[in-house]
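*Asks:* What follows is the residue order along each chain.
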Amino acid sequence: MKFLRPALLIASKDLRSEFRTKETLNASFSFALAILVLFSFAFDPDSDMIRQIAGGLLWMVFAFSSALILNRGFAREVPNDCLDTLIASPVSGAQLFLGKTLANYVLLLLVEAVSLPVFGVFYNANWARRLGPLMLVFVLAAWALAVMGTMFSALTVNLRLRELMLPALLYPALVPALMAAIQLTNLLIAGDTVGKEDQIWFRLLAGFDAIFTLLGLALAETVFVG
Amino acid sequence: MRNPILYLFAAVAAVLLAWDLYKVFMVLPDELNQGMIYRIIYFHVPAAMVAFAAFFGSLVASAGYLTTKEMRYDSFSAAAIEVGFVFATVNLVTGSIWGRIIWGIWWTWDARLTSMFVCWLLYAAYLLLRRAIDEPAQRARLSAVLSIFAFTDVVIVWKSIEWWRTQHPGPVLSIRGGGGMAPGMQAPLYWNALALALLATILLVLRMRQEAARREIDSLRRQAYAL
Chain C
1 MKFLRPALLI ASKDLRSEFR TKETLNASFS FALAILVLFS FAFDPDSDMI
51 RQIAGGLLWM VFAFSSALIL NRGFAREVPN DCLDTLIASP VSGAQLFLGK
101 TLANYVLLLL VEAVSLPVFG VFYNANWARR LGPLMLVFVL AAWALAVMGT
151 MFSALTVNLR LRELMLPALL YPALVPALMA AIQLTNLLIA GDTVGKEDQI
201 WFRLLAGFDA IFTLLGLALA ETVFVG
Chain Y
1001 MRNPILYLFA AVAAVLLAWD LYKVFMVLPD ELNQGMIYRI IYFHVPAAMV
1051 AFAAFFGSLV ASAGYLTTKE MRYDSFSAAA IEVGFVFATV NLVTGSIWGR
1101 IIWGIWWTWD ARLTSMFVCW LLYAAYLLLR RAIDEPAQRA RLSAVLSIFA
1151 FTDVVIVWKS IEWWRTQHPG PVLSIRGGGG MAPGMQAPLY WNALALALLA
1201 TILLVLRMRQ EAARREIDSL RRQAYAL
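Protein sequences appear in the order of chains C and Y. Here the first sequence is numbered in our numbering, starting from 1 and rising by one per residue. Here the second sequence is numbered in our numbering, starting from 1001 and rising by one per residue.
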């Protein structure tokens, strides 16, 4: 609890300042909408096609629109040397990292929660047939996005080419998580149950989350302080 | 390249490569099913071995840098990834040529091909990151962290291939429990791996020296500015 409190404080500070301006959320959500529209030109959105590619489409939308949120996470602290102040404050690197990850996680989940029904309306897809497992996929995969994205945005925050570097680092690193999320989302939106052989994708997601959360917490101090 | 050991390595690598080329092209017969194109395996597989050895070396050196903060670990890590990246490219390109002949396509999104490509992209990102940071200590620190993340990720990517259907030929070497290759055909592959490993070592040492020289020039320049 002692470890968590500062992290939660940082997360709530970030979320409060985000909800006051809503600049990142609005940008990310309208970007997600734009991608959804563009995809409708990439293929003929009939119901058979949707069954096959729903997972891929949704996770492409989330992965791309999340880059906007993840980029802002630390960039927000750069003006007025806020980041230096945070680092100098009696908060460890791991706590700072966890707080930032939590704030990004909430924002990512919000964008996903709004985009999913919009996707359902635009593409005439009945996505709620396996709501429980689908939510589990979203919760796990969004954490993968948040933890990887926060780590890499911490790595790139002081660079000149910050906005350019993050996608180049983030997307290849997310391949295993996105692969699992796409596979499961395809299954669940089609209304199938997750069979025994597909359980492995849940394990992959959970393992990915656990490994990179631990690695991130262990290396955060090094990234921020040195 | 004044170090005599490097000359020795270069000589051994050259002799081994020449002898192997002779064996592979003049002595060994065509393979029963694939014909002559199978010979690409003598470069394809050793290149992958060397690339992964280099990436693993960078992982160890990165951990070494983070614990000791000694710049030579950073030079080693950067040099290993640059050299490994070249060999990974060789692996991808030779594999693609082989696929064109045997499968009739340059590329397929088979799991092993995909994971090698993802690995290549990750280390390309590492090289990009290094270029984007000017301050040496910061560059060393952040790229060491990225190297650790990248290697962990590569292992996960690699593991997940076994859960995805695969089109790539299974292991053929006896060390991987394959045993699908005649011993006479297998030996040149190991010798080639040794030759490429020596070549990679030479490149790595040269690149490390360049990095050390660059650091020295940088620090002299700083001193000059300070004066």
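Everything labelled a hint here was simulated from the structure, so no lab data went into it. From the three backbone atoms N, C-alpha and C, an ideal C-beta is built for every residue, glycine too. Worth double-checking, as some hints may not be accurate.
[Stated by the list, open to error] So, partial list: chain C residues that the calculated Cβ filter (under 10 Å) puts toward chain Y: (1) Leu136; (2) Thr156; (3) Pro172.
*Asks:* Decide, hint by hint, whether the structure agrees.
*Replies:* Here is how each hint holds up against the structure:
Checking Leu136 (chain C) against chain Y by beta carbon gives a least distance of about 19 Å; that is not within 10 Å, so the hint is violated. With a least beta-carbon distance of about 7 Å to chain Y, the hint placing Thr156 (chain C) at the interface is held under the 10 Å criterion. Interface restraint check: Pro172 (chain C) against chain Y, minimum CB-CB distance 4 Å, threshold 10 Å, status holds.
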